[in-house]
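What follows is the residue order along each chain.
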Amino acid sequence: KAGVTQTPRYLIKTRGQQVTLSCSPISGHRSVSWYQQTPGQGLQFLFEYFSETQRNKGNFPGRFSGRQFSNSRSEMNVSTLELGDSALYLCASSLVGTGGNEQYFGPGTRLTVT
Amino acid sequence: QKEVEQNSGPLSVPEGAIASLNCTYSDRGSQSFFWYRQYSGKSPELIMFIYSNGDKEDGRFTAQLNKASQYVSLLIRDSQPSDSATYLCAVRRNNNDMRFGAGTRLTVKP
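Chains as they are written, first to last, in the working numbering: chain W, 694 to 807; chain D, 48 to 157.
Incorrect hints may appear among the rest.
Unchecked claim - Derived pair list, reagent style DSS-like, types lysine-lysine, alpha-carbon separation capped at 27 Å: (1) W:Lys750 - D:Lys114; (2) D:Lys103 - D:Lys114; (3) D:Lys49 - D:Lys114; (4) D:Lys89 - D:Lys103; (5) D:Lys89 - D:Lys49; (6) W:Lys750 - D:Lys89; (7) D:Lys156 - D:Lys49; (8) W:Lys750 - D:Lys49; (9) D:Lys89 - W:Lys706; (10) W:Lys706 - W:Lys750; (11) D:Lys49 - D:Lys103.
What the hints assert, rightly or not - Here chain W is said to cover these stretches of chain D; the calculated rule only asks that three of the stretch's residues, wherever they fall, bring their Cβ under 8 Å from a Cβ of chain W: (12) 83-97; (13) 140-148.
By construction, these hints were calculated from the structure, which means they are not laboratory data. All residues carry an ideal CB built from backbone N, CA and C; glycine is no exception.
Sequences and hints are given; from them, build the entire structure.
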């Protein structure tokens with residue numbers, strides 16, 4: 694079974710631009726979560742989508758948004774990029790309702806804002 | 048108080064020794080607990096999860112959970128240099144979202 698995939702893997706943007714990141718979950722997984730990872734702040738929760746609905750949201754400004762499609766694929770958008778948005782963005786999928794609802798991570802998208 | 052706390056390390060153990068990694072959490076209603084391993088430049092990889100008090104063993108890894116003390120640990124027996132990585136503790140809270148600790152960096156010396 695294929696793992697979680699994320700595109701693109703690397704991205705360079707300038708301040709003020711916007712960016713869209715994509716995540717395809719493991720087949721059959723209906724929950725997708727997004728995280729931002731930086732050396733200073735660690736892994737921080739952005740939001741979780743389940744069946745096309747945002748189920749949980751972390752403490753990030755409204756510039757960070759996401760959505761999930763009927764095939765469970767998810768996109769994350771960041772508008773008006775700031776230098777501090779440079780980070781590794783990870784998505785994780787889970788099969789809700791079994792075991793501990795454990796999450797499996799994709800390889801991440803490395804975003805650099807200049 | 049941070050939601051999930053871990054000693055940042057680095058924790059250094061000799062090859063073949065037992066590595067003990069600890070984690071405490073603040074949300075008493077938390078349901079499930081996870082340990083991830085992250086190699087430098089890579090994404091986190093799930094090692095184990097536990098949701099009942101007590102021990103859970105998987106190969107060289109043992110997760111221990113004490114909900115009364117809000118404490119979860121990971122023991123790695125017969126540590127190998129390939130175990131050198133950052134270990135992340137994660138907690139699924141009562142509202143179903145996940146929170147991660149900052150991670151403990153483990154170095155296993157040959």
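Can the segment 83-97 of chain D be counted as covered by chain W under the rule of three residues or more with Cβ-Cβ separation shorter than 8 Å?
Holds: 8 residues of the segment 83-97 of chain D have a Cβ under 8 Å from chain W.
Under the criterion that the straight-line Cα-Cα distance not exceed 27 Å, is the pair Lys49 of chain D, Lys114 of chain D satisfied?
holds (17 Å)
Compare the distance between the alpha carbons of Lys750 of chain W and Lys49 of chain D with 27 Å, and conclude whether the hinted pair is satisfied.
Distance of about 18 Å is within 27 Å: holds.
For Lys750 of chain W and Lys89 of chain D, compute the direct alpha-carbon distance and say whether it is at most 27 Å.
Roughly 25 Å between the alpha carbons, so the hint for Lys750 of chain W and Lys89 of chain D holds.
Are the Cα atoms of Lys750 of chain W and Lys114 of chain D separated by 27 Å or less?
holds (25 Å)
Under the criterion that the straight-line Cα-Cα distance not exceed 27 Å, is the pair Lys49 of chain D, Lys103 of chain D satisfied?
Holds. Lys49 of chain D to Lys103 of chain D sits at ~26 Å (cutoff 27 Å).
Holds or violated: Lys103 of chain D to Lys114 of chain D, with C-alpha atoms at most 27 Å apart:
Distance of about 14 Å is within 27 Å: holds.
Tell me if the straight-line CA distance from Lys706 of chain W to Lys750 of chain W falls inside 27 Å.
Measuring from Cα to Cα gives roughly 25 Å; hence the hint holds.
Within a Cα-Cα threshold of 27 Å, do Lys89 of chain D and Lys706 of chain W meet the stated pairing?
Holds, at roughly 22 Å.
Would you check chain W against the segment 140-148 of chain D, counting CB to CB pairs closer than 8 Å, and say if three or more residues qualify?
holds (count 7)
Would you check the hint for Lys156 of chain D and Lys49 of chain D, treating anything up to 27 Å between C-alpha atoms as holding?
Violated, at roughly 31 Å.
Below or equal to 27 Å on CA atoms is what counts here, so check Lys89 of chain D against Lys49 of chain D.
It holds: about 25 Å lies between the C-alpha atoms, which stays within 27 Å.
Hint 7 from the earlier list is the only one contradicted by this structure; the remaining hints agree with it.
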